[in-house]
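Q: So you can see what is in the structure, the chains are spelled out below.
Protein chains: 2
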Amino acid sequence: MSELIKELVLKNGSKIVLLVMDGLGGLPRETGGKTELETARTPNLDALAAEAECGLHLPIGYGITPGSAPGHFALFGYEPTEYPIGRGVVAAMGVGFPLRAGDVAARVNFATRDEEGRITDRRAGRIPTEKCAELCEVLSAVKIPGVELFMRPVKDYRAVVVFRGQGLSDQVEDTDPQATGVRPREPKATAKKGERTAEVAGEFVRQAGELLRDRHPANALLMRGFAELPSIPSMNELFGLSAVAMPVYPDYKGIARLLGMDVIDDLVSLEDQARALRDNWDRYDFFFVHHKYTDSRGEDGDFEAKVAEIEKVDAFLPSLTAMNPDVIVVTGDHSTPAVMKAHSSHPIPFLIRAERIRPDETREFGERACARGAWGVVPGKILIRLALSYAGRLAKFGA
Amino acid sequence: MSELIKELVLKNGSKIVLLVMDGLGGLPRETGGKTELETARTPNLDALAAEAECGLHLPIGYGITPGSAPGHFALFGYEPTEYPIGRGVVAAMGVGFPLRAGDVAARVNFATRDEEGRITDRRAGRIPTEKCAELCEVLSAVKIPGVELFMRPVKDYRAVVVFRGQGLSDQVEDTDPQATGVRPREPKATAKKGERTAEVAGEFVRQAGELLRDRHPANALLMRGFAELPSIPSMNELFGLSAVAMPVYPDYKGIARLLGMDVIDDLVSLEDQARALRDNWDRYDFFFVHHKYTDSRGEDGDFEAKVAEIEKVDAFLPSLTAMNPDVIVVTGDHSTPAVMKAHSSHPIPFLIRAERIRPDETREFGERACARGAWGVVPGKILIRLALSYAGRLAKFGA
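Residue numbers (the numbering used here), protein chains in the order written: chain W, 1 to 399; chain X, 1 to 399.
None of these hints come from the bench; they were simulated from the model.
Some hints could be false.
One copy or two, either will do: identical chains are not told apart, so a pair holds if it fits within one copy or between any two.
Below, computed lysine to aspartate or glutamate pairings styled on DMTMM-like, alpha-carbon distance capped at 25 Å [as the list claims (entries may be wrong)]:
#1 Lys193 to Glu82
#2 Lys11 to Asp279
#3 Lys341 to Asp121
#4 Lys6 to Glu79
#5 Lys341 to Asp360
#6 Lys6 to Glu355
#7 Lys131 to Glu115
#8 Lys396 to Glu173
#9 Lys34 to Glu361
#10 Lys192 to Glu311
#11 Lys15 to Glu30
#12 Lys143 to Glu82
#13 Lys143 to Glu210
#14 Lys6 to Glu173
#15 Lys15 to Asp265
#16 Lys11 to Glu304
As the structure is a prediction and not an experimental result, all values here were calculated from the model.
Chain W with its partners taken away, still in its complex shape:
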């Protein structure tokens, strides 16, 4: 099917906006109650839903809880299971590190250890990003023969390390024990071809331990998600879209870069994103606007705060519709119900508004309303196809 789409793609200068509220889908707090989205006062989203086709989507499949990367892959029209992306790569791309084929990246947490080497805090007291940057600088003194090493701060206590050299592979287990009171694990190869990388990572941890000895609370480090750069066709190759991403959070920049999108940096608020949209309107076909905090508040278990984030996005919406995009898609990459404090497998409401659609009877943007919408429950990756089609960007198939 993806080969077929590629053949049918047309270019016509139309504009598509994808607005993602991360972790949008929710659950009621009590039986028969309303979800976060159903609770939120969202006059602008409701008005858009009334003019739109609505439904629910599943990014990966029935019963599968999506991580952020596969959830977004689906929204961008990719089959997520075809492109498993390791955390290390997402993190490196997120901070704009120019990964090369053969590089191995891993997420690093600065952590606290006691005198016996046991982890007492997996997040080093949540040191600020500036401190993290300073420590990355310190660790650039690590020298490993035959390997170039790059350390970059991500956010707070999180950083990313990239190893570059011959014969490296991502077949290495996490060193993060995911618990306190125990020592970090030794880097261990999961396959023969990971052995060299496990040695390199072991040497890195050893030297880092010495360099961080007096840096309490950040006197240790934990590694997760060893990953290599996968080969992924760009959105332009697949869909003929020149695409730009406007996320605030680094991880989503990483995902966007992986798919060949340009990324607008240094955005910190919805106002910034609105301005970036205006400033870049003439330069692209596809605009990815991402709001992280719906997911963050869901993960916190703070129902009311998640409602408030949805309402913020609703207030932002007019600055998006004011651009008169040919197609607007509003949805999430997965559900993060506040009652679960975690991602979940529940389908995610979406709306798609364009001139040539067949509006359904949905009059509000919410889980149950969208369940009665025109589309029912669909795979997440087809949303881009609807968008292309309603933007006049897909030719007829067959005579």
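Following the hints, complete the assembly by docking chain X onto the known chain W.
A: Using the frame of chain W, we list chain X on its own:
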């Protein structure tokens, strides 16, 4: 996808109950009328539906009428077309015969023939099971060089034969002509590798004919569904579920054993099944409770009697909910509308109740109500994924 699920499976001690009313789906007797399920007074099922996510499922695909085995395979999370199970294997497993790889099993009907060898009754006057057992004993005198032969009674006039030896294969046609007034067919190979088995079956029929000569009305036998044991991963391998089956009917025991489930024997009523559920509650993760007679009454064309069977299951339901399973799924393996006196391809209503679900607006358990439920029409095999997910037994996919 099934490889993915396997990787994501977690174990957490949660309990999942699958309650199957065989042939549940139905049709109205007249245009605009109600189906069997819609007609039945089902206060307990309706209350459960109100707290559940509802929908319709298709075990195999649009327009395909499922047999019992593939219908159940789908419910247990298997793609039915990947595992075609011959009737002979189902029958042999059903009576607990320890089939081995390479064995060939076939269903046997005792039948009545006239002096010219023409079949006058394909069911031998529906002889009782005891008589069937006695005749199986008689037929154990059959001797075929190089082949071990096992006969086992199933129920009434039905039995199963198993051939064990070198070079056997299930590539043999039925001998049952599916009509009276004609002779049984000769066993015929459908492929070269079935030739030896066709010879063996021919010799078996010949010797059996002699041994049964004076056993009117059971003086002949018809063979159907030559089958070999397929290799199927167990529910434990695929889904990490230690599973137990509580059917009354032998065939469903066979299916359960094929998938590595333990089987509770000697259950004859819903009361027995309720007791078995209580007695085994601490020993398993997954409980398959099966009610056969909804299908039987549908096959009989007895609308009212099928309604009554559904009401019996409704009355049984409190003994199931009293166990407080983490997830309850109630559905059927296919439709058996009384007006058709046969299985049909119509989708089957289902409900799934768990703590962390998003209840829809379904307030009763019925075909039309479920069609408006949260899920629309889904493939049957995904129900197990929803159950695993809502039981907290599937990890997040991807970073």
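Q: All the hints need checking, so say for each whether the structure fits it.
A: Comparing the hints with the structure gives:
Taking CA atoms no more than 25 Å apart as the test, Lys193 paired with Glu82 passes inside one copy only; the shortest distance there is 22 Å, against 34 Å between copies. In this assembly of identical chains, the alpha carbons of Lys11 and Asp279 lie at most 25 Å apart only when taken from the same copy (22 Å versus 51 Å across copies). For a Cα distance limit of 25 Å, the shortest separation of Lys341 from Asp121 inside one copy, 21 Å, qualifies, whereas the shortest one across copies, 65 Å, does not. Proximity of Lys6 to Glu79 under the C-alpha cut-off of 25 Å is found in both arrangements, the shortest distances being 14 Å within a copy and 19 Å between copies.
When the C-alpha separation of Lys341 and Asp360 is checked against a cutoff of 25 Å, the pair qualifies only between copies, where the shortest distance is 22 Å, while the shortest distance within a copy is 32 Å. For the identical chains of this complex, Lys6 and Glu355 are intra-copy neighbours only, at 23 Å inside a copy versus 43 Å across copies, given an alpha-carbon limit of 25 Å. For the identical chains of this complex, Lys131 and Glu115 are intra-copy neighbours only, at 22 Å inside a copy versus 80 Å across copies, given an alpha-carbon limit of 25 Å. In this assembly of identical chains, Lys396 and Glu173 lie within 25 Å of each other by CA distance solely across copies; the values are 18 Å between and 47 Å within a copy.
In this assembly of identical chains, Lys34 and Glu361 lie within 25 Å of each other by CA distance both inside one copy and across copies; the values are 20 Å within and 12 Å between. For the homomeric pair Lys192 and Glu311, neither the shortest alpha-carbon distance inside one copy (51 Å) nor that between copies (61 Å) is at most 25 Å. In this homomeric assembly, Lys15 and Glu30 come within 25 Å of each other (Cα to Cα) only across copies, at 22 Å, whereas the closest approach inside a single copy is 41 Å. With identical chains, the CA atoms of Lys143 and Glu82 are never at most 25 Å apart, being 36 Å at best within one copy and 54 Å at best between copies.
Taking the shortest alpha-carbon separations for Lys143 and Glu210, only the intra-copy value of 13 Å comes in at or below 25 Å, while the best inter-copy value is 81 Å. Taking the shortest alpha-carbon separations for Lys6 and Glu173, only the inter-copy value of 19 Å comes in at or below 25 Å, while the best intra-copy value is 37 Å. Taking CA atoms no more than 25 Å apart as the test, Lys15 paired with Asp265 passes inside one copy only; the shortest distance there is 21 Å, against 48 Å between copies. In this assembly of identical chains, the alpha carbons of Lys11 and Glu304 never lie at most 25 Å apart, being 43 Å within a copy and 32 Å across copies at closest.
When the structure is compared with the earlier hints, violations turn up for hints 10, 12 and 16 and for no others.
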